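Produce the complete structure using the sequences and hints provided.
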Amino acid sequence: MTAPVIVCSTGTEAPEEAEATLTLGRKVAAASGTDVRWLLLGAAPDGYADVARRHGVAAVDIAGGDGIDEGDADVLVAAVARYWERSPGQVLVFAQTFSTRDIAPRVAARIGAAVVTNAVDVDAGGDAGLEVSAAAFGGDTRVLYAVTPGVACVVTLQPNAIEPTAADGTAPEPAVEKLDLDLSGVVRGVRVVEAARSDGPRLEDADVIVAGGRGLKSAENYQLVVELAALLGGMAGASRPIVDDGWIDSAHQVGLTGKITRPALYVAAGISGATQHVVGCTAAKTLVAINTDADASIFRHARYGIVGDCLEILPELIRSARDRGVRR
Amino acid sequence: MRTVVCVKEVLDPDAVGAYAVSGHLEIGDDAKTLTQTTIPRLMNAYDEQAIEAALRLRDGGADTTVCAVSVGADTTATLRHAFSLGVDEVVAISPPAGVEVDCHVVAALLAAFVRDRGADLVLTGRQASDDDQGVVPALVGEALAMPVVTIARAVDVDGTKVTVTRVTPDGDEVAETELPAVVTVSSELGEPRYPNVKMKMAARKVTPEVVAPSDLSVPDGGLQPLLRLERQWVPAVAGECEILEADSAAALADLLIDRLVDDKTLQAGGGRP
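Sequence lines, in order, name chains A and B. Oh and the first sequence: position 4 is 4 in the working numbering, straight run, nothing missing. Count along the second sequence from 1, then add 328; that gives the number in the working numbering.
Just so you know, the hints here were simulated from the structure itself, not pulled from any lab data.
Only part of the chain B face toward chain A is listed, based on derived beta-carbon distances under 7 Å:
1. 475
2. 497
3. 595
4. 597
Computed from a predicted model, the values in this text were never measured in an experiment. Don't be surprised by glycine CBs; every beta carbon is placed ideally from N, CA and C.
This is how it looks when you write it as C-alpha cells:
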C-alpha cells in the first residue's frame, strides 16, 4: 500500500482548520488508496476521538511532553521528523498558522521532502502524481506545483481554503496511541526572553468585527471603527497598511499575516480587499463592505455593499445602531 | 563580522494584482509565466527591509560587512540597487543550466554560498512577494544547522548574541539566539532608506561577482528540484454582493441596519432609553 497521508495538528490552529486538514487528508488518501494518520502534538483537544471518527481517520498518534506542549519550534521540528522516521507518509499536512509556517519547511528539510505553503488543494492519484495548488502574489494568482515522483511533500493548508466535511458512512473506531518520542538530544537554539502578550479578548473569537483601512484617511478616524464595534458588542480590526503605518497595533491586524477571523458579522470600512486581508475575513457569515471605489475587490466578497465614503457612513451607522439598540 | 543578505528579484506584486483584479493579467503559452513587460521587476520589498536591517546594524556600530547575494539568470539591476543602498559586496549566483529552479535548489545554492564564504548572520525577507512561499530561509537554516528566527521588526547584535523582536499575531515577542543564525525580516521594520544620487551613480558601474553552481560546495542531489511549477491562473471569485442604494449616508446606514436585522445577523433592541 502507498504510504499514508499524515495530518499534523499542533494546537495552534482553530478546530475548523484542523477539520479542514483532515478533510483534505481524506481526499488525498482516497485518491491514492491509503489511510490518514492524525498526529496530535501537545495536549489532545477535547473530542478528538469523535473528530477522528467523523473524518475516517485510521489512527491517532498523540505526542506530548516537555517542549512540545510549549510549542518550542526546535522541539516540534525534531518531534515530527522523529515521528516520520518510524511512520513515513507520502504527504504531511499542517493547518497553516504563524507557528506551522515556521516548522513545516524545517521538517521538510529534515525528512528530504518538498514543501509548499499557502496550499489551497492537493491532488493525488492522477497521472501527474502529487500536485499542490497554492496561492501566490498575495492570493491574486494561484499556482500548481507538481511534486517530483518518489518525493514526499509537506504542505501547510491556507485558512478557509477548504470547507470541512465529514466522511460518508460510519468509520471504525481509530486506533489511538500515545507516543513517547525520544527528544532528549534536541537543542533548543532560540530563547524567548519576552513572550507576546495576548491577554484580553481575541479577534479570532469575536462575533462581530468592524475593521478599518486606509479609507479612514487618518489614525484619529480609527475611533469611528472602535466606537461602532463597541456598540455592536464586537471588536475592532484593521487592514495591514494601517498597521504598517502605525495607526493601530498589529494585534488588530486581520489577514494572512494577521488574524484569521470567523465572526457572524464583519464590516470592512475603507478596505480595498487585498487578497491577503480577505483571507482573514471570508469565513465571516455576513460581510459588509463600505468603499468609495465601486470596483474595489472587497465587494466581490461582500454580502452587502455601500459605495460611499466610510467617514460619512460610519457616523450614521453609529447613530442608527444606537437609536435602534441593535446587538448581536 | 559578516552579514549576508539574500535578495530576490520579483515582478511588482501591486502591478500583478491590479492586472489580476481587472481581468487583464496575461499568462504565456506555457500556462504559467506572467508575460506582461509592463510589469516592473524589482527587489522583493521584504528583502529590501532585510538590507535595511543589516545597514542599521552597521550604522549602529556593529563591526560587520554586508554582502547581498541573489540567485537568478540576470539579477544585475537588483544587486546594483542593493549596492546603491550601501552594501559592501554584491554576488550573483547563476542558476544551474537546464534546471527549473525551485525553492529547494535556491536554498541549496544560498546555503552552499554561506558555507563556503562564511557568514555570522544571514538576513532575508520573511517571504518573496511573488510566490509568497517563505520557505527558503528555513531551508537554508536547516542546511547549515543554524537557528532560524522569523518575522523580525528589529534585529540587534551584541557580541555573539542576536536579539530579535518578532511580530506575532499576539503582539511582539522578543527572542534571542547565538550567531551564526538566520533571521527573516518583516515590513514592520519600517521604511527602508532610499539610495542617494552619488550611490546610485556609483552602483551603475558595479558589476556583481558571478558565482556558478560548480564553484560552490552544493551537496549531492542539492541541484535536483523537488517541485515544478506547472500552471498559474487567476482564481475566480463568486460575487453575490447586494449594493445598497439610498440618497443619503443616513438612509444608507438605516437600510444596512434593516438588512442586518431582517437576516438576523443583528437583533433590534429597545432603542435609545
